[in-house]
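Q: With the hints as extra help, turn the sequences into a complete structure.
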Amino acid sequence: AQTVTQSQPEMSVQEAETVTLSCTYDTSESDYYLFWYKQPPSRQMILVIRQEAYKQQNATENRFSVNFQKAAKSFSLKISDSQLGDAAMYFCAYQGAQKLVFGQGTRLTINP
Amino acid sequence: DTGVSQDPRHKITKRGQNVTFRCDPISEHNRLYWYRQTLGQGPEFLTYFQNEAQLEKSRLLSDRFSAERPKGSFSTLEIQRTEQGDSAMYLCASSYTRQQDTQYFGPGTRLTVL
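Chains as they are written, first to last, in our numbering: chain A, 1 to 112; chain B, 1 to 114.
None of these hints come from the bench; they were simulated from the model. Glycine included, every Cβ here is placed at the ideal spot set by N, Cα and C. Hints may be right or wrong, so weigh each one.
From the derived model, a few chain A residues whose C-beta atoms are all more than 12 Å from chain B [stated by the list, open to error]:
id : residue
1  : Gln6
2  : Arg43
3  : Gln44
4  : Gln69
5  : Gln95
6  : Asn111
Pulled a few chain B residues facing chain A out of the computed Cβ check, cut under 7 Å [to be verified]:
id : residue
7  : Phe45
8  : Tyr48
9  : Pro70
10 : Gly72
11 : Pro107
A: Laid out in structure tokens, this is it:
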């Protein structure tokens with residue numbers, strides 16, 4: 001069975017600074033997708049970024065980028081120029097066939 | 001596009017009662033998923049449908065839980081004889097197989113069993 005591990009329960013960063021959230025996963029599959037979702041205090045889960053495992057190029061969405069290391073099974077999220085609205089729980093998720101397997105989450109606090 | 005909607009947003013019930021939740025997916029999405037999220041944890045998969053067919057169920061889905069998607073559009077999740085351990089956020093997500101199958105989530109239904 002696939003597993004996803006987020007080793008940082010909480011992180012904090014100063015506004016406008018850069019922060020990196022870590023994620024590792026375990027799978028025997030070769031074709032899969034990885035995601036970062038954001039869950040603000042209102043609890044609506046929002047897609048942040050997506051990475052296809054067959055792509056070597058790291059995904060980027062505006063201030064959000066990933067560092068995908070397939071051999072190491074590592075998938076970290078970098079948030080540049082952190083903003084107050086980035087404060088949320090961040091979940092790393094793995095998708096093989098259909099269902100998502102989530103990590104435990106990292107609570108990100110932005111300090112003004 | 002309107003997003004995924006769920007109803008009700010909050011439900012408080014007494015132990016032993018039955019509850020039913022509804023999820024309306026994004027209109028063209030053919031896959032619909034149910035997840036359960038307890039406080040401080042990541043969501044856990046319960047079941048998913050492709051059109052009206054229920055294709056996978058987690059062992060978390062005990063025989064007190066049943067889900068349907070009768071016409072391949074909205075879905076219902078029913079919990080019979082609720083227990084305090086059923087208290088959680090129930091999340092619905094939908095996806096479209098021809099759009100990279102990315103799942104988009106609804107706001108969830110928070111269930112509290114007293």
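Q: All hints, please: hold or fail.
A: Outcome of the hint check:
| no. | hint | result |
| --- | --- | --- |
| 1 | Gln6 | violated, 8 Å |
| 2 | Arg43 | violated, 6 Å |
| 3 | Gln44 | violated, 5 Å |
| 4 | Gln69 | holds, 21 Å |
| 5 | Gln95 | violated, 7 Å |
| 6 | Asn111 | holds, 22 Å |
| 7 | Phe45 | holds, 4 Å |
| 8 | Tyr48 | holds, 6 Å |
| 9 | Pro70 | violated, 20 Å |
| 10 | Gly72 | violated, 16 Å |
| 11 | Pro107 | holds, 5 Å |
When each numbered hint is compared with the structure, violations occur for hints 1, 2, 3, 5, 9 and 10.
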